[in-house]
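Q: Chains as they are written, first to last, in numbering that gives the first Met the number 0: chain A, 0 to 250; chain B, 0 to 109.
Note that these hints are calculated values from the structure, not bench results.
Please read all numbers here as calculations on a predicted model, not as lab measurements.
Where hints are given, some of them may not hold.
[Unchecked claim] Just so you have them, the derived chain A footprint on chain B, three or more residues with Cβ under 8 Å:
(1) 12-19
(2) 69-83
[As the list claims (entries may be wrong)] Which chain A residues face chain B? A few, computed with CB under 10 Å, are given here:
(3) Ile77
(4) Trp140
(5) Gln180
(6) Leu226
Ideal Cβ positions, reconstructed from N, Cα and C, are used throughout, including at glycine.
Listed below, chain by chain, are the residues.
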Amino acid sequence: MQKLTSIRRILGISSGLLTVGLLAIPSFALGNPATTSSGSGSTLTTTEQQQHLADIQQKGDAEINRRLGQLNKLDGIIAAATHLTPSDQAYLTAEVNAEVSGLTALETKLNAETTLSAAIADAQNIFTEYRVYALVTPKVWLVKTADDQQSVEAKLSTLSGKLQSRITADQNAGKNVTSLQGTLNSMNTQISDAQSISSSVEATVLPLQPADYDTDHSILSGYRSKLQTAQSDDQTADSDATTIVTGLKSL
Amino acid sequence: MPNKLRKSDSGSAFLEIILIVLVVVVVGLVAWKIKKDHDDKKTATIGGTTATSSTTSVPVTSPLQSGTDNASLSSDLTNINSGLSQTNQDGAASNTAINDQQQEITVPTN
């Protein structure tokens, strides 16, 4: 008799937990975009479904607006960039504008939904279709960094030519420039290495799209460290240039 | 009146002065021409190119290419350092953006 009572108690608790779990499914689906759910909400009452629909619409609006704010910041950064090439600037601006218009339309669509499943699908599209934080924001910064580094590398290359001219002139005047020429050769190697990395990163990162991120979440990994290597090369080249200029002054 | 020159004597003196000036000018021009010819002979043709030897023993230094003087080089270095500073800031912003990727999947649902 006592055993039967225990079994009844366990069954009661289990059914209670199952009910709570079913009620939580729609919210869970929105919380984790990787989770797919039909979101039919068949176990919910009509009132509960309407409440969930309103919640998803409210939270979806908040997420969309958070992303629109971020995209506006990115637009300002791209517009204010002084070293971005015109083509890169135009490409990134067009991409950000497309995300803004897409998200704005999605917000309108989400707010017009009348079923829970459609609202959940719209809410998931906030992430899977746009990837504002996962892809677009780091991409803009990586491209800007690579572009600015290439600008520095172009200046270093021009300076290298001038330094070679001075070293050659001093050599023709009978001065010992062996050490300076060696440093300049090292500088040229550093510039060449940095240019190769910066241009490669920019060319690879620029065309990446949200669908690429959905296929491979680690798609951006490694590019930051590559740019740090190029940055280090640039700094070494700059240090070499400083050494050469100081040496030329003392000849 | 022995000190008073006649009109014809006055004209002769003027002509004499003119002649003296002319002689001096001609002698000067001839001397200048001789010196110039002498200098030109110092120009030697070596291997098909003309090299002009200096009248002094100071070694000839070719003029600096535009923008390669010390001040210009220092200015270039300053400009490059400014660019490097900008790329440092970009790099920090990139790091922040990459760290912010987690915001993509953090969605409050309650």
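Q: All the hints need checking, so say for each whether the structure fits it.
A: Status of each hint after checking the structure:
no.	hint	verdict
1	12-19	violated (count 0)
2	69-83	holds (count 11)
3	Ile77	violated, 12 Å
4	Trp140	holds, 4 Å
5	Gln180	violated, 15 Å
6	Leu226	holds, 7 Å
The structure shown violates the earlier hints numbered 1, 3 and 5.
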